[in-house]
Every structure is written in C-alpha cells, then in structure tokens.
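Position chain L relative to chain S; hints supplied.
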Amino acid sequence: MSQSIIAPEEMELAYAYPASLTRAYTHYCPGCVHGIVHRLVAEVIDELGIRERAIGVAPVGCAVLIYNYINTDFVEAAHGRAPAMATGIKRVNPDNVVFTYQGDGDLAAIGTAEIIHAANRGERITTVFINNAIYGMTGGQMAPTTLQGMVTTSTPMGRNCQLAGYPIRMSEILAQTAGAVYVTREAALDLAGIRKTKRAIKRAFLAQMHGLGFASVEVLSTCPTNWGMDPWAAMQWAKENLAAYYPLDTFKITDAVKALPA
Amino acid sequence: MAVQLLKGNVAFAEAAVRYGLQAYFGYPITPQSEALEHLSGRMLQEGRVFLQAESEVAAINMVYGAACCGVRVMTSTSGPGFSLMTEGLSYIAGSEIPVVVVDMMRGGPGLGNIQPSQADYFLMTKTAGHGDFHPIVLAPASVQELIDSMGLAFALAEKYRTLVIVAGDGSLGQMMESAELPPMQPLPEQRPVWAVTGAKGREPNVITSMYLVAEHLEQVNLRLQAKLAEIRKHEVRFVESQTGDAELLLVAYGTSGRICTSVLRQARQNGLPVGLLRPQTLWPFPEQRLRELAEQVRGVLVVEMSAGQMLEDVEHAVQGRVPVRFHGRTGGMIPMVEDVLSELQALASDLGVTP
Numbered sequence: 216m217s218q219s220i221i222a223p224e225e226m227e228l229a230y231a232y233p234a235s236l237t238r239a240y241t242h243y244c245p246g247c248v249h250g251i252v253h254r255l256v257a258e259v260i261d262e263l264g265i266r267e268r269a270i271g272v273a274p275v276g277c278a279v280l281i282y283n284y285i286n287t288d289f290v291e292a293a294h295g296r297a298p299a300m301a302t303g304i305k306r307v308n309p310d311n312v313v314f315t316y317q318g319d320g321d322l323a324a325i326g327t328a329e330i331i332h333a334a335n336r337g338e339r340i341t342t343v344f345i346n347n348a349i350y351g352m353t354g355g356q357m358a359p360t361t362l363q364g365m366v367t368t369s370t371p372m373g374r375n376c377q378l379a380g381y382p383i384r385m386s387e388i389l390a391q392t393a394g395a396v397y398v399t400r401e402a403a404l405d406l407a408g409i410r411k412t413k414r415a416i417k418r419a420f421l422a423q424m425h426g427l428g429f430a431s432v433e434v435l436s437t438c439p440t441n442w443g444m445d446p447w448a449a450m451q452w453a454k455e456n457l458a459a460y461y462p463l464d465t466f467k468i469t470d471a472v473k474a475l476p477a
Numbered sequence: 108m109a110v111q112l113l114k115g116n117v118a119f120a121e122a123a124v125r126y127g128l129q130a131y132f133g134y135p136i137t138p139q140s141e142a143l144e145h146l147s148g149r150m151l152q153e154g155r156v157f158l159q160a161e162s163e164v165a166a167i168n169m170v171y172g173a174a175c176c177g178v179r180v181m182t183s184t185s186g187p188g189f190s191l192m193t194e195g196l197s198y199i200a201g202s203e204i205p206v207v208v209v210d211m212m213r214g215g216p217g218l219g220n221i222q223p224s225q226a227d228y229f230l231m232t233k234t235a236g237h238g239d240f241h242p243i244v245l246a247p248a249s250v251q252e253l254i255d256s257m258g259l260a261f262a263l264a265e266k267y268r269t270l271v272i273v274a275g276d277g278s279l280g281q282m283m284e285s286a287e288l289p290p291m292q293p294l295p296e297q298r299p300v301w302a303v304t305g306a307k308g309r310e311p312n313v314i315t316s317m318y319l320v321a322e323h324l325e326q327v328n329l330r331l332q333a334k335l336a337e338i339r340k341h342e343v344r345f346v347e348s349q350t351g352d353a354e355l356l357l358v359a360y361g362t363s364g365r366i367c368t369s370v371l372r373q374a375r376q377n378g379l380p381v382g383l384l385r386p387q388t389l390w391p392f393p394e395q396r397l398r399e400l401a402e403q404v405r406g407v408l409v410v411e412m413s414a415g416q417m418l419e420d421v422e423h424a425v426q427g428r429v430p431v432r433f434h435g436r437t438g439g440m441i442p443m444v445e446d447v448l449s450e451l452q453a454l455a456s457d458l459g460v461t462p
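Chains S and L, in that order, give the protein sequences.
For the first sequence, the positions run 216 to 477 when the working numbering is used.
For the second sequence, the positions run 108 to 462 when the working numbering is used.
Fair warning: there could be bad hints in the mix.
Just some of the chain L residues that point at chain S, by a computed CB distance under 10 Å [to be verified]:
(1) Gln129
(2) Val156
(3) Leu158
(4) Val164
(5) Ile167
(6) Met169
(7) Tyr171
(8) Glu194
(9) Thr304
(10) Gly305
(11) Ala306
(12) Gly308
(13) Arg309
(14) Pro311
(15) Val313
(16) Met317
Pairwise CB distance ranges (calculated) [as the list claims (entries may be wrong)]:
(17) S/Gln356 to L/Thr137: 32 to 40 Å
(18) S/Ala458 to L/Pro135: 40 to 48 Å
(19) S/Gly380 to L/Asn220: 30 to 38 Å
(20) L/Gly148 to S/Asp405: 36 to 44 Å
(21) L/Gln332 to S/Gln377: 49 to 57 Å
(22) L/Asn220 to S/Trp452: 50 to 58 Å
(23) S/Gln356 to L/Arg344: 43 to 51 Å
(24) L/Pro135 to S/Thr353: 28 to 36 Å
(25) L/Arg309 to S/Cys244: 31 to 39 Å
(26) L/Gln332 to S/Cys244: 32 to 40 Å
(27) L/Asp446 to S/Thr368: 55 to 63 Å
No more than 25 Å apart at the CA atoms, straight line, and that leaves these computed lysine to aspartate or glutamate pairs for DMTMM-like [what the hints assert, rightly or not]:
(28) L/Lys334 to L/Glu394
(29) L/Lys266 to L/Glu342
(30) L/Lys307 to S/Glu262
(31) L/Lys340 to L/Asp446
(32) S/Lys473 to S/Glu258
(33) L/Lys307 to S/Glu258
(34) L/Lys266 to L/Glu284
(35) L/Lys334 to L/Glu203
(36) L/Lys307 to S/Glu267
(37) L/Lys340 to L/Glu265
(38) L/Lys307 to S/Asp261
(39) L/Lys307 to S/Asp310
No wet-lab data here; the hints were simulated from the structure.
Glycine residues also receive a C-beta, built at the ideal position from the N, C-alpha and C atoms.
Next up, chain S with everything else stripped away, as it sits in the complex:
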C-alpha cells in the first residue's frame, strides 16, 4: 500500500495565525474572553482585507491595550469617548474602516451619551461591545450591566436594584436609534456562540464598508477573576444567568444589511 505524498505547498490551508493579530502575549487573565473576541476581530479584518484601512479606537477598561494585540492603526480614547473619537476619525477619513472596542463600563455607563448619539447619527463605524457585567480593570466593581444580586467589590451584599439601579440593556436601546442599521447580541461562551459572534462582527464591518450606518455587536462574556469562578464555571454561569437577562437576539437589521454577502 502506498500513498502519494502531498507537498506542503499543495496542502489545503486549514489554520493560520491571523495577520491582523500581533504575536504579543496578552495581559488578560486565564479564561478571559477578550482574547477570543480580539482574535475574531482580527480574523474578520483579515478576511475582509482591510488591515491597511482599519483604524481602531481603544477603550478604557481591560481592553485598554488592544493596540498591542491587533495589528492596525489605533488611537486610545478617554473612558467612554471612543464613539466620539471614532466619529472624528471617520468624518475626516471616510475611506478608512473605523471600529471601537468597548466594555460595559465604557459603553453602558460613562459613555452612554457618546454611543447613543453616534448610533443615532448613523455614524459609519463598527462597535464591538463586551458585556461581562463587571468592572474588570479597576478590580471588580459593579457595572451598569451587573445583575440583581451579583456580588461585586462595590455591591458586597449583592446588587440591590432599589439602591443601585437596574442592569441596563444597551443593545435594546441602541436598536431604537434611527441611525443604527445592525444591532445584535451574541455570546462568546461556547464554540457555536463564538462562530456566530464572528459572523455578526463580520456583518457589522461590512455594514460600515457599504456605507449603511452604525452597527454594533454586543458580546456576552465572563470575568472569572472578578466573578470568583474558574473559567468553565464562569462560562456556565454566564449562559444560565447573563443570557437569561440579556437575550441573544438581533434587535435591528435593515434590509440593506440583510442583503450583504455573508
């Protein structure tokens, strides 16, 4: 029995390190979802061939150093102001592909005005919104998206909504703006969810590249360190609890976005 030997250059490429992802080791904790979503963004940038056109806007939060990991031009925004900076960039560089990558404190607390008005103006930008229901970088304080009863370092007895307000559903709010063309919530908590998240991110970039309007992808994530769970338990907890309060759905998609090539 003899099998013909296939030369490496003739083999079908099954896996490659994304060109848009740097080789740097990330500073993220074990089990953090940021690394997964960074990779998805990098893969999408590669697939769309826009690495040399893309300009990222980094947030304040755990992803503050994203410019060390994604290999495109980047600016670092003040806390919550990424959509305003992205607006300034996109307005003077309409041919660039401009994206923000923001966490829940950044987008859903200090930056609510900026994100809502950027969406409402229909800015041709793409926003990736990581919701893990906690402030990671500052050490595990309550986020606007922290669930009722969740223990954080600033809600030691669990979030009491009568006292601390209610967890906010940002994608549902953004979907109400006339300028948004695509608003969806995904969850990077298992393989199927990760693949689905990637498709959503690609669609959100394509919406911008076709000049359609504002597009955002919320990604339910975990924070094992500040939740005090191991990564696996955090994933399961998020599926049972986060996804129950924050339903996985596409809250807005225009016909033009639906018609985009997948």
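Same frame as chain S, now just chain L:
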C-alpha cells in the same frame, strides 16, 4: 482682501476656514454660537467637515479623533463648555496632537452669565486638564488680531504638536469692527507621518497618552517639559506702548488691554509717565520683559475682568521689586476708563510719581 465690518465670532470662524480648517466639531454656547452657525454653512460649502456634537465632551473628543488623522481641526466654546472639555484637552496634550480651541470667556463661576469676562485665565493657562502641561494661549484684543491669531494658532499647534487656545471674551466675540480677512489658503496635501490613516505599507501608528511604566511616563513628561521650555523661549508675544520713559506700568490683555490703551492716552495727556504692557500670549507669559520693566518703573497696575488671575503671574515676574496693584471687575462687568485712571492716579500719588 478688502477691509470689511465683521463680528468677532464670524471673523475668527471665517479666518479659520481661510487658514485651512478641515474639520470643526462644536456645541452651541453663548457668547460664541455665531462661530458654529457660520461654520455650519461654510464648511459644507467648501466640502469640509462640520458636525454639531451632543456635548462639549463629545465635541473635544471628535476634535481629538480628527486631529489624530493629521488634519487641521478646531472647536470653539465658552467657560462652561471649556470646563467640560478639559478631560479631552489633557489627552490631547498627553498624546501631543495639534488642536486649536477658541474660548470666548463669559461670567462665572457656574452658569454665571453671558457677559464678557477674563476669569478663565487660570483654566486656560494652568489647569486645562489633569497632569503637567500648558497650552499656548493667545490673547487678541481686536477683531483684526483675532483673525490673525487663527493663522498663528494653527501654525504653532502644528509646529510644536501642541494645544493652542485663542482666548477672547464675550465683547470680542460680539463686537463688530472693520478688519481684513486673509485670502483662501490651499489645504495641506499630505498627512503627517504620525497620523492614523491606515497602516498601508508601514508599521501601525498608535496614538495614546498611556504609559504604564513609570520610567516611560517620566520620559514622556521630560520630553513635554523640554518642548514647553522651547515654547517659553521662542513664542512669548506682547505689545508695549510708551514704556521708554514710564515710571508706572499698566499690565492688561485682551479687552482689558484695549481699555488700558484709552487709560494710557488720557494719563499721558495728564502728564503721567505711564506705559502699557499688553501680553498677546498668556502662556508663555512675558515674564522676562516684565521683570526688566520692574527694574525701571516704580509701580505696576494690573487690570483684568476677573478677581485677579494674571495678577499672580505679574507678581511672580515682578518678585516684589515694586508695588503691584490690581483693578478688576467680575461677573461680566467691564472696567471703566475713569475708574482705572483714578486707580492709576492714586498709585502715582502714593509713590510720589508726579506729572
């Protein structure tokens, strides 16, 4: 270009267009809203960027984003808006991005009122945001000087990669004067090498004000301070009138400086040996020249539309060599020529300076 009757706010806005302004982001606030209104039409007419932001916080961050792309960009505001912008200004300073901001000062603190004031002096020259930095602060005293300041502001911002503030007040913004606008200038064709334009055929450009390692951030600060020292050395600007034989010196800028020009004329008619130093840059402050004059004159009178802010810089420069007096009006009130004159005469008689 012909001399025409121009309102201050419209004049600086149109001057900015002619000096090559590529993008404007702003939020309406009295007493400078005419500038935003003017630009809302003019910028689009020229195929350039105009956007009314949802707040001054958003406006300055839009300016920051556009400036990171290496285009000529500005905003304009008044005190309450400037307070909101200080966050963005600090990031702009920290990442050394050229930006121009016009502040048409109004009465404060708080909501205050919409009458002219010079009470943002500390805010502009010393506390424009957290961290160690100073913007260059230009202080025009007439509509013509305001127009000329815009060209200078863009040139200095780009030369030093720094923040430049044009400091006016409600009266300068609202008054109409005959002035001449510059001709339309061509827009720059190329973006600077540090700008974010997409990493085509080069390593990615990253613009940040964050340096987590203390040694690195200290180096950044030392570089910033070295640049500020260069600016201090080369960019001090002031106007001096009749100081040659002066025994008394008036120090005032902007609208107060103009009022003091009238005071000076009348005092000289009365035979008083008075001179005037009118700073055109509030930062860098004409400290050296003032120190020299303090060796010559016998007393100094500082006039401001504030409770005495530039006064501290004057005292620092004079270093107790001669008495420094102050005449200030606040809350939107403007110093009257006769009041400043009698203050000056009182100083003269206290010091034995006679006509």
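Comparing the hints with the structure gives:
Residue-level restraint check for L/Gln129 holds (minimum Cβ-Cβ distance to chain S is 6 Å; threshold 10 Å). The interface hint given for L/Val156 holds, since its Cβ lies 5 Å from the closest Cβ of chain S, which is under the 10 Å cut-off. Hint status for L/Leu158 relative to chain S: holds, with the closest Cβ pair at about 6 Å, below 10 Å. With its C-beta approaching chain S no nearer than about 7 Å, L/Val164 sits inside the 10 Å limit, and its interface hint holds.
Checking L/Ile167 against chain S by beta carbon gives a least distance of about 8 Å; that is within 10 Å, so the hint holds. Proximity of L/Met169 to chain S holds as hinted, the smallest CB-CB distance being about 4 Å (cut-off 10 Å). Residue-level restraint check for L/Tyr171 holds (minimum Cβ-Cβ distance to chain S is 6 Å; threshold 10 Å). This hint holds: L/Glu194 has a C-beta 6 Å from the nearest C-beta of chain S, less than the 10 Å allowed.
The interface hint given for L/Thr304 holds, since its Cβ lies 7 Å from the closest Cβ of chain S, which is under the 10 Å cut-off. The beta carbon of L/Gly305 comes within 5 Å of a beta carbon in chain S, closer than 10 Å, and the hint placing it at the interface holds. With a cut of 10 Å, the hint placing L/Ala306 at the interface with chain S holds, because the nearest CB-to-CB distance is about 5 Å. Hint status for L/Gly308 relative to chain S: holds, with the closest Cβ pair at about 7 Å, below 10 Å.
The beta carbon of L/Arg309 is positioned within 10 Å of a beta carbon in chain S (closest approach about 9 Å), and the interface hint is therefore held. Because the smallest distance between the Cβ of L/Pro311 and any Cβ of chain S comes to about 5 Å, under 10 Å, the interface hint for this residue holds. Proximity of L/Val313 to chain S holds as hinted, the smallest CB-CB distance being about 5 Å (cut-off 10 Å). Taking 10 Å as the C-beta cut-off, the interface hint given for L/Met317 holds, the closest approach to chain S being about 6 Å.
Range check, S/Gln356 to L/Thr137: Cβ separation about 39 Å, and the 32 to 40 Å hint holds. Roughly 43 Å separates the CB atoms of S/Ala458 and L/Pro135, a value that falls within the hinted 40 to 48 Å. At about 35 Å, the CB distance of S/Gly380 to L/Asn220 agrees with the hint of 30 to 38 Å. With their beta carbons about 54 Å apart, L/Gly148 and S/Asp405 fall outside the hinted range of 36 to 44 Å.
The hinted range of 49 to 57 Å is satisfied by L/Gln332 and S/Gln377, whose Cβ atoms lie roughly 50 Å apart. Restraint check, L/Asn220 to S/Trp452: a C-beta distance of roughly 55 Å satisfies the suggested window 50 to 58 Å. For S/Gln356 paired with L/Arg344, a C-beta distance near 48 Å keeps the hint of 43 to 51 Å intact. Our hint of 28 to 36 Å for L/Pro135 and S/Thr353 holds, since their Cβ atoms are close to 35 Å apart.
Between L/Arg309 and S/Cys244 the Cβ separation comes to about 33 Å, which falls inside the hinted range of 31 to 39 Å. In this structure the hint that L/Gln332 and S/Cys244 lie 32 to 40 Å apart at CB holds, the actual value being about 37 Å. Judged by the Cβ atoms, the range 55 to 63 Å given for L/Asp446 and S/Thr368 holds: they are separated by roughly 58 Å. Pair hint L/Lys334 plus L/Glu394 holds up; C-alpha atoms about 18 Å apart against a cutoff of 25 Å.
Of the supplied pair hints, the one linking L/Lys266 and L/Glu342 holds, its CA atoms being roughly 11 Å apart against a limit of 25 Å. Of the supplied pair hints, the one linking L/Lys307 and S/Glu262 holds, its CA atoms being roughly 16 Å apart against a limit of 25 Å. Proximity of L/Lys340 to L/Asp446 is assessed by CA-CA distance (about 36 Å); at most 25 Å being required, the pair is judged violated. With a C-alpha separation of about 21 Å, the suggested pairing of S/Lys473 with S/Glu258 holds against the 25 Å cut-off.
About 18 Å separates the Cα atoms of L/Lys307 and S/Glu258, which keeps this hinted pair within 25 Å; it holds. Between L/Lys266 and L/Glu284, the direct Cα distance comes to roughly 30 Å. Violation of the 25 Å bound is thereby established for this hinted pair. For a cut-off of 25 Å, the pair hint linking L/Lys334 to L/Glu203 stands: about 10 Å separates their Cα positions. A C-alpha spacing of about 5 Å is found between L/Lys307 and S/Glu267, which places the hinted pair at or below 25 Å, so the restraint holds.
Among the hinted pairs, L/Lys340 with L/Glu265 is consistent with the structure: their alpha-carbon atoms are about 17 Å apart, no more than 25 Å. A threshold of 25 Å between alpha carbons decides the hint, and for L/Lys307 with S/Asp261 the separation of about 14 Å falls inside it, so the pair holds. Restraint check for L/Lys307 and S/Asp310: the C-alpha separation of about 13 Å stays at or below 25 Å, so the hint holds.
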